[in-house]
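A.B. asks: Sequence lines, in order, name chains A and B. First residue of the first sequence: 2, per this note's numbering; consecutive thereafter. First residue of the second sequence: 179, per this note's numbering; consecutive thereafter.
Calculated from the structure, these hints are not laboratory results. These numbers come from a predicted model, not from an experiment. The C-beta atom is built at its ideal place from N, Cα and C for all residues, glycine as well. Treat the hints with care, as some may be off.
Derived pair list, reagent style DSS-like, types lysine-lysine, alpha-carbon separation capped at 25 Å [claimed, not checked]:
1) B:900 x A:24
2) B:505 x A:113
3) A:136 x B:820
4) A:136 x B:734
5) A:106 x B:591
6) B:567 x B:820
7) A:194 x A:38
8) A:24 x A:106
9) A:176 x B:591
10) B:900 x A:106
11) B:734 x A:24
12) A:23 x B:567
13) B:231 x B:558
14) B:772 x A:113
Negatives, chain A to chain B, calculated, CB over 12 Å [claimed, not checked]:
15) 8
16) 21
17) 109
18) 168
19) 170
20) 184
21) 194
22) 205
If you anchor each label on the Cβ, the simulated ranges turn out as follows [what the hints assert, rightly or not]:
23) A:70 x B:505: 21 to 29 Å
24) B:433 x A:28: 22 to 30 Å
25) B:500 x A:28: 53 to 61 Å
26) A:214 x B:475: 52 to 60 Å
27) A:26 x B:577: 56 to 64 Å
28) A:57 x B:310: 54 to 62 Å
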Amino acid sequence: MKSSVIIFPGSNCDRDMDVALKKFGFDNQMVWHDDSKIPKSDLIVLPGGFSYGDYLRCGSIAGKSRIIKSVIDFANSGGLVLGICNGFQILTETGLLPGILQQNKYLNFICKNVFVKIKNKENKYFKKIEKEVLKLHIAHNEGNYFCSNDELKSIEDNDQIAVTYCDHEGNDDEKNNPNGALKNIAGIFNKDKNILGMMPHPERMIDPFLSGEDGSIFFENLIESL
Amino acid sequence: MIEVNEKIAIEHGLKGDEYKKICNLLKRTPNITELGVFSAMWNEHCSYKSSRKHLKKLHTRGDQVIQGPGENAGVVDIEDDDAIVFKIESHNHPSFIEPYQGAATGVGGIMRDVFTMGARPIANLNSIHFGSPDHEKTRNLLRGVVKGIGGYGNCIGVPTIAGQTCFDESYNGNILVNAMTLGLVNKNKIFYSKAAGINKPVIYVGSKTGRDGIHGASMASAIFDDKIEEKKPTVQVGDPFTEKLLLEACLELMAGKSIISIQDMGAAGLTSSSIEMASKGDLGIEIDLTKVPCREENMSPYEIMLSESQERMLIVLEEGKENEAKKIFDKWNLDFAVIGKTTNSKNIELFFKNEKVAEIPIDFLAENAPMYDRKWIKAKLPKENNFSKEQFKSLKLGDCLKKILIDPNIADKEWIWNQYDHTVMGDTIQKPGGNAGVVRVHGTNKAVAASVDSSATYCHAHPLTGGKQVVCESWRNMISVGAKPIAITNCLNFGNPEKEKNMGEFVECVEGIAEASKYLNYPVVSGNVSFYNETKDKGIKPTPSIGGIGLLSNYKKMMTMKLKNEGNYLLVIGKTEGHLDQSVFARNILSELKGPPPEINLFNEKQNGMSILNLRNKNLIETCHDVSLGGILTAISKMSIKSGKGIKLFPLNGLVNKFEYFFGEDQGRYIIEVKPENLENVENMLKTDSIHFDKLGLVQGNKITLENDLKLSIDDIKEGYKNWLKEYMVN
Chain A
2 MKSSVIIFPG SNCDRDMDVA LKKFGFDNQM VWHDDSKIPK SDLIVLPGGF
52 SYGDYLRCGS IAGKSRIIKS VIDFANSGGL VLGICNGFQI LTETGLLPGI
102 LQQNKYLNFI CKNVFVKIKN KENKYFKKIE KEVLKLHIAH NEGNYFCSND
152 ELKSIEDNDQ IAVTYCDHEG NDDEKNNPNG ALKNIAGIFN KDKNILGMMP
202 HPERMIDPFL SGEDGSIFFE NLIESL
Chain B
179 MIEVNEKIAI EHGLKGDEYK KICNLLKRTP NITELGVFSA MWNEHCSYKS
229 SRKHLKKLHT RGDQVIQGPG ENAGVVDIED DDAIVFKIES HNHPSFIEPY
279 QGAATGVGGI MRDVFTMGAR PIANLNSIHF GSPDHEKTRN LLRGVVKGIG
329 GYGNCIGVPT IAGQTCFDES YNGNILVNAM TLGLVNKNKI FYSKAAGINK
379 PVIYVGSKTG RDGIHGASMA SAIFDDKIEE KKPTVQVGDP FTEKLLLEAC
429 LELMAGKSII SIQDMGAAGL TSSSIEMASK GDLGIEIDLT KVPCREENMS
479 PYEIMLSESQ ERMLIVLEEG KENEAKKIFD KWNLDFAVIG KTTNSKNIEL
529 FFKNEKVAEI PIDFLAENAP MYDRKWIKAK LPKENNFSKE QFKSLKLGDC
579 LKKILIDPNI ADKEWIWNQY DHTVMGDTIQ KPGGNAGVVR VHGTNKAVAA
629 SVDSSATYCH AHPLTGGKQV VCESWRNMIS VGAKPIAITN CLNFGNPEKE
679 KNMGEFVECV EGIAEASKYL NYPVVSGNVS FYNETKDKGI KPTPSIGGIG
729 LLSNYKKMMT MKLKNEGNYL LVIGKTEGHL DQSVFARNIL SELKGPPPEI
779 NLFNEKQNGM SILNLRNKNL IETCHDVSLG GILTAISKMS IKSGKGIKLF
829 PLNGLVNKFE YFFGEDQGRY IIEVKPENLE NVENMLKTDS IHFDKLGLVQ
879 GNKITLENDL KLSIDDIKEG YKNWLKEYMV N
């Protein structure tokens, strides 16, 4: 399976994603933001970081970068596009995913382990994962998901919520909401479920010596279902 | 053009006789640009004029040392072809004036020092000291500093893996922000700042030069008064995004063979970087300031030379490699300009709009910089306190423990490190909150441990003992995670060196550091000195911060302080005499501030540490935690809280009373967890090595208990310990 990770100036989880994809069997290549073409891929990943410094709204400049047109074309033709953290922010800026990511509720950067509940397994990202709750890791300042009531209704009607913040038993209530995200949303799909944006970093949880191993489950499923 | 005279020189932070020396050396009056250059090079921060004499006493050698003090950072060998580049640096004065930018640019500056040498930064650490929690400025300063450190480090994508936060009223008017970075480099691909060869192009890369930070280094060499708000413009503004680009571009260029020498523009900007490169290479340098990329219009030569704009580098390239290099910087959208060349004149010559605006022999600025043998007084060892039985009579162990666990210097600091990205790069195997942070050497079985420590209370009570103690504390933190201690970097934060008492504190702390690091073969390979941490005549307690690093050849052997299994034994390694003077217990419970700090026995320190590493290599111990502030009971409480497992303590059978035993801060001690089946073996090995140990208790249940004296559930102690800082910051 071939994957491509896009490097924007300011991306800083590109190497971690490369390591993770290769570990689970992807033939991964890195693609520079100023290129216009993406090599043939089964999966495109927009990694975490601070693209172009994120001095404007997070992800907004990356959303207008040269490479992004190819990403949009690829996504619109049904290709799998995964955006993690800053990648999620970029996907909302391009309009590929609805809603926005605001600054965290308590205005602080948060770096810690969280639990997320899988809300929809009818897609390639979570299809064969047996667990209902995954332990992942977040590290962001702008992960507070928000959208209009109409958008929310459409997201819910189309089962677009991918994962929500919860406790180890899967209670996704306000108590287990680290950043103020609407409905505890940690990640969403587009309508066709080929695009996934999420704040948690599965690539940081791929080894028992790191914070945990549930990231491995995510990647193992991904390569299997492709 | 401003006419230079003694008054103007003094306004630049120079002393009257220093100005006379400049005129004598030049045999004329310097112009304003030249005066600016002298003031930047001769201030305390850049010239080490008060400290140089004593820094020579530090122990800086060892088989593991590839590069000791004097370069951008120290370099040590970590086997195979790998080396670690590391250094700690202060950014105290700017952080007090503008906490966010001060702290952020402190982090940016130290990372540049490390990647200048060709290393990719792999971990950041910090040591931050604030005034009393009751002081009106503390909360905002803490918030700003933490945000600044996070804002910069998180953006670059380097994990912040450990740190230290202290509160003491002596920092009310002068906080301390010390930032440390570790980088990984192939030991055959290290870059140095020494220029070589004549007519080699001098290249400027990175951000444009603005008017920010002019005289930053001079500001950091002076005490504060009522007008500190006016000093805000001397604080630089950080741009971590540009630094990230600069990091990647420099590493890309370094992969080739075009760089002769490279130096970041830190304190005193273009002035110190160009002069240091030329001075080390025994060369001259010629710079056309018209070619320096400027952010603002009409900047004068004086301003260009003294700007401390961040994210800039100076490079001496091989001739003919300019285009190859420029391509890389173009790709990363960074400024690139050939601004001068190396010469054989041994002078720095500055040109602006086709006119020579300064010419100074490099020797005058570097080697002829003033060096002072300042007067100092030796501190006396304070008399021991004689605590009476009456003082302990009404005390209960549990109440004392709960009070100590919410002491600001003991309470949990998760509120802080949750704001730092500590997991990016995917190799952090021990997070903040343990004995040391640990990161794997990417793609190998090795890992590097690092911590930062300071003990201002001990250093204040007796500087010589305090200096030794900090080194030992750092050493113990390495041992506690199972790492072999390799080397240290020191950040020496002191008051006004022109005062004999402050100077004495500095001299004796340095001597203490030297003695301990020599004995332990734990050499100092880099560091910096920050004097004049004084406001309106009130100086800080002497605060040397020691950043230590250690090596784990096999990261799977790393230890944490988290208790493992019910029924395992806990042992205290090292002898407990019950030293309460200068302890948290004495201050917090008995309100006693006087007395000597605990004694340091370097022989025991080394023996105890080596024994623990030996036991770990034989897989005989499960968990380890060093005993520091708050003594044994505080140490085991933290272990219990981390793991959610209780401890049944055995009855005491020594002469030491229980408060002295459980809260004494004797040195050289560790708590270890041992499986029952290994106990005999461990005891025998310790006896053979003549290591003192006590059997302390068992891992059991979910309470900490001691006969009728103590019964506390973990939840009971956890709440205060975990919440103190969070609640303090919200209120």
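A.B. asks: Against each hint, give a clear statement of whether it holds in the structure.
C.D. replies: Hint-by-hint comparison with the structure:
1. B:900 x A:24: 37 Å, violated
2. B:505 x A:113: 39 Å, violated
3. A:136 x B:820: Measuring from Cα to Cα gives roughly 19 Å; hence the hint holds.
4. A:136 x B:734: 22 Å, holds
5. A:106 x B:591: 20 Å, holds
6. B:567 x B:820: 34 Å, violated
7. A:194 x A:38: 23 Å, holds
8. A:24 x A:106: 35 Å, violated
9. A:176 x B:591: 22 Å, holds
10. B:900 x A:106: Between residue 900 of chain B and residue 106 of chain A the Cα gap is close to 21 Å, so the pair holds against 25 Å.
11. B:734 x A:24: 19 Å, holds
12. A:23 x B:567: This hinted pair is violated, its Cα atoms lying about 66 Å apart.
13. B:231 x B:558: 22 Å, holds
14. B:772 x A:113: 41 Å, violated
15. 8: The claim breaks: residue 8 of chain A does not keep its Cβ more than 12 Å from every Cβ of chain B (closest is about 9 Å).
16. 21: Violated, since 8 Å does not exceed 12 Å.
17. 109: Its Cβ does come within 12 Å of chain B, the nearest being 5 Å, so this is violated.
18. 168: Since the minimum Cβ distance to chain B is about 16 Å, residue 168 of chain A lies beyond 12 Å and the statement holds.
19. 170: 17 Å, holds
20. 184: It holds; residue 184 of chain A is separated from chain B by about 23 Å at its closest Cβ, greater than 12 Å.
21. 194: Correct as stated: the minimum Cβ-Cβ distance to chain B is 28 Å, above 12 Å.
22. 205: 5 Å, violated
23. A:70 x B:505: 21 to 29 Å: Given range 21 to 29 Å: holds, Cβ gap about 25 Å.
24. B:433 x A:28: 22 to 30 Å: 24 Å, holds
25. B:500 x A:28: 53 to 61 Å: Violated: the Cβ-Cβ distance is about 38 Å, outside 53 to 61 Å.
26. A:214 x B:475: 52 to 60 Å: 56 Å, holds
27. A:26 x B:577: 56 to 64 Å: This hint holds: roughly 58 Å between Cβ atoms.
28. A:57 x B:310: 54 to 62 Å: 40 Å, violated
Checked against the numbered hints given earlier, the structure breaks hints 1, 2, 6, 8, 12, 14, 15, 16, 17, 22, 25 and 28 and satisfies all the rest.
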